[in-house]
Amino acid sequence: MAIALPLPTMQPMTVTDSDSELIQRAATGDRGAFETLYKRYARSVFGLALRRLGDRGRAEDAVQETFASIWRSAGSYRPDRGPGAPWLYAVARNAIVDRARARSETPADIPEEASGEAGPADRAEQGWVSWRIHGALEELPEREREVIQLAYWSGLSQSEVAEFLGLPLGTVKTRTRAALAHLAELLEEDLG
Amino acid sequence: MNPKELHDIIDVDDLASEDRERLQRVHDLLLQAGPPAELPPELDKPVTAPEAEVIAFPLLPQRRVGAAVLLAAAAAAATFVGGFVWGHSKAKPAPLAVERIVTMHGATDAAAVLKVGKPDSVGNWPMVMNVSGLPEQKPRAAYYELWLTQKNGPTLPCGTFRVNGKTTSVRLSVPYSFKHASGWIVTRQAPNAPEPGPTVLTT
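For the protein sequence lines, the chains are A and B, in the order given. Under my numbering, the letters of the first sequence match residues 1 to 192, in that order. Under my numbering, the letters of the second sequence match residues 1 to 203, in that order.
If we strip away everything but chain B, and leave its shape as in the complex, we get (with noise of 0.2 Å):
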């Protein structure tokens, strides 16, 4: 039997008025709403998040409250929202095991998150940058660059990329060890420029 009235579900007759009007529209859209659908189990399981470790350079005294928000949202996100890619997608590329997260700033709003995930077997480490408030590059040839900087060594560099819009989100790989890193810069080039060009973000 499918319910059609209030008072085939609940005894009605002690309510006032006023509450089983209430009752009476609840009662109605519910049938309206009809049954919920069944979630599929890959969809219905806890969600799990892997941990990542934040990794974050000295900055300036101003930019450290305004970065600890940031740093903390960046963290969150890839611990969980990773986590919940990872334990749900069937979409590709497969997603980043997130290791370890850095931020970086610049004039403004300009802002990047990288992520950096675990080595593969022979030492590429992949990593993910979200960069926004970068203004488009000009002219239409130029483009962004990321370096990591070194305590005792060579500016090294990590990939290029350009804008497009608000937020970009760039895929990278990089073969070095981050043992003597000191930093992240990213930086406007002109085009075919060989060297580092003025900075735009930093850590």
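Just chain A, same shape as in the assembly (with noise of 0.2 Å):
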């Protein structure tokens, strides 16, 4: 007699859902919060892949590989020693030099190697950095996001943020400040 078994339920996300609970519960075979973990990193990804690899086809390529290896590995990961940011960044970090390493090519980028300019550990840290702030602005409600993205990387004053959303200057830095409060407690555990 065939044992029925059903397909794992996908339980609602919150935006509360840290990134330690989405891979362990991706271990489990939560398919909702793995897709939770590629919304809130895919953009992360791409981004180090792009830098790193230098062109887009192939950080795509990562950035495919990269899910793959954290849906295979997700078992793998031991909250009790850490923080589930530091731990998808491995990941990423190993996906992308193996498709560095594939090409025989140099990554563009790989903070252990020694250079003459900037130094590794000035690039690791501004990977890392870049890592967590657009993991993190991914959390935010989308309208949190929005204006600190006009803010910050628009070019657009607040007064011109405010004209372009069709809001008071008063509503737009309220919501900026909420924003960057937001922000602050979910970098808090990372970034200190």
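Hints listed in this document are in silico derivations from the structure and should not be mistaken for laboratory results. Worth double-checking, as some hints may not be accurate.
Away from chain B, derived, C-beta distances all over 10 Å, residues of chain A [stated by the list, open to error]:
hint, residue
1, S20
2, E60
3, P79
4, A90
5, R101
6, E146
Where chain A lies over chain B, by a calculated footprint (3+ residues, C-beta under 8 Å) [unchecked claim]:
hint, stretch
7, 8-16
8, 149-160
Just some of the chain A residues that point at chain B, by a computed CB distance under 7 Å [stated by the list, open to error]:
hint, residue
9, G47
10, V63
11, P168
12, K173
13, T176
14, A178
15, L180
16, L183
Since the structure is predicted, the reported quantities are computational estimates derived from the model, not experimental observations. We treat Cβ as the ideally placed atom computed from N, Cα and C, and that holds for glycine.
Dock chain to chain to rebuild the complex, using the hints, since each chain is given by itself in its own frame.
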């Protein structure tokens, strides 16, 4: 007699799901958790890969390999050894380095390698900071993420952002402050 | 204008010094991080996955709990990763559109997940088997073999493979109907052995 087993159920996601929780749930076959991780980190992985591989096509491949690797190895994550974000970063970095090695090329930016210019430690920190910031941004509610992106990377002043969004300047500033506070909460564990 | 100071972005006068320091730290990190990369359209679309039919054969009672966990994980892996790769990959060979999943177990930690795809137009069933925990074959010319067992028929060979390392993934193809199948086994084969050797994995 065959044993009937249902496929894993998808649990509802909230912005409070930590990376650690999501990885552990992915390890049990929770597709929803994995998809949330993908949504949260795909952009970060792609950005990291693009910087290090210097080619969009190869960076896309690295994103696929990274998430396939995350899915396969989620069971090896141990929450008692640290938060989820550094583990995800390590998996992504390994996949990107593997992708670079596969073409017998040296990655454009491997932190451990010596360099005459910017120090490897600095570059490693830069990669990690971008990783965490961009990952945390994906956890913000859309309207908070929007004001952060406009305030920091659009080249607009806050008055111009307010005009662009059709909101009072005070509302934009309040929303931006809430977004920064939210980011501070999300980053507290990893960045101190 | 590219904001350089926190007070260009928010009102900070009414913030406690501790809160201001926290937000200043985030502000500095945002400037340091720079803008996120734009995802290519292929990577930005929602992930979808085809459902897979899960097949399980009768198991010994003590194996059922572990098998349930493994099977659930295998099903999810096949459906999601299959869908993920199906939706995104440019890699070759073509991904398997998984239709059925079978798990096998052996002594200690040895196990296998067999994913069976859709048959082609002439009745070849593509399969991918992930094996873990089997010892490397000795002597070197020895190998492992997958077999399909039937209720009232001969045991059918489904392909041979070798393992190297903890986990091995092999692609196989069989032309059989599964209508009368009763299970799958993996045997350890001596070089040139025509008959099934000792069973090392079974459903």
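Given coverage of the stretch 8-16 of chain B by chain A, checked by CB-CB distance under 8 Å (3 or more): It holds, with 4 qualifying residues against the three required.
Whether A/E60 stays farther than 10 Å from all C-beta atoms of chain B, as the label says: Check fails; 6 Å does not lie beyond 10 Å.
Nearest-CB test (10 Å) between chain B and A/E146: Correct as stated: the minimum Cβ-Cβ distance to chain B is 13 Å, above 10 Å.
Go through the hint on A/T176 and say holds or violated, using the shortest Cβ distance to chain B against 7 Å. 5 Å, holds
Answer holds if the nearest beta-carbon of chain B is closer than 7 Å to that of A/V63; otherwise answer violated. Nearest chain B Cβ about 6 Å off; hint holds.
Interface hint outcome for A/L180 [beta carbon to chain B under 7 Å]: A/L180 check passes; min Cβ-Cβ to chain B is 5 Å, inside 7 Å.
Are A/A178 and chain B close enough, Cβ to Cβ, to be under 7 Å, as the hint says? Violated: closest Cβ of chain B sits about 9 Å from A/A178, beyond 7 Å.
No chain B beta carbon within 10 Å of A/A90's: 19 Å, holds
Least C-beta distance between A/P79 and chain B, which was stated to exceed 10 Å: The claim holds: A/P79 sits with its nearest Cβ about 18 Å from chain B, beyond 10 Å.
Using Cβ atoms only, decide whether A/G47 comes closer than 7 Å to chain B, and label the hint accordingly. 4 Å, holds
Residue hint A/L183, partner chain B, criterion CB-CB below 7 Å: For A/L183, the interface hint holds, since the closest Cβ of chain B sits about 5 Å away, which is under 7 Å.
Confirm or reject: A/S20 is not an interface residue toward chain B, with every Cβ-Cβ distance exceeding 10 Å. Holds: least Cβ distance 19 Å, greater than 10 Å.
The structure does not agree with the numbered hints 2, 8, 11, 14 stated previously, though it agrees with the rest.
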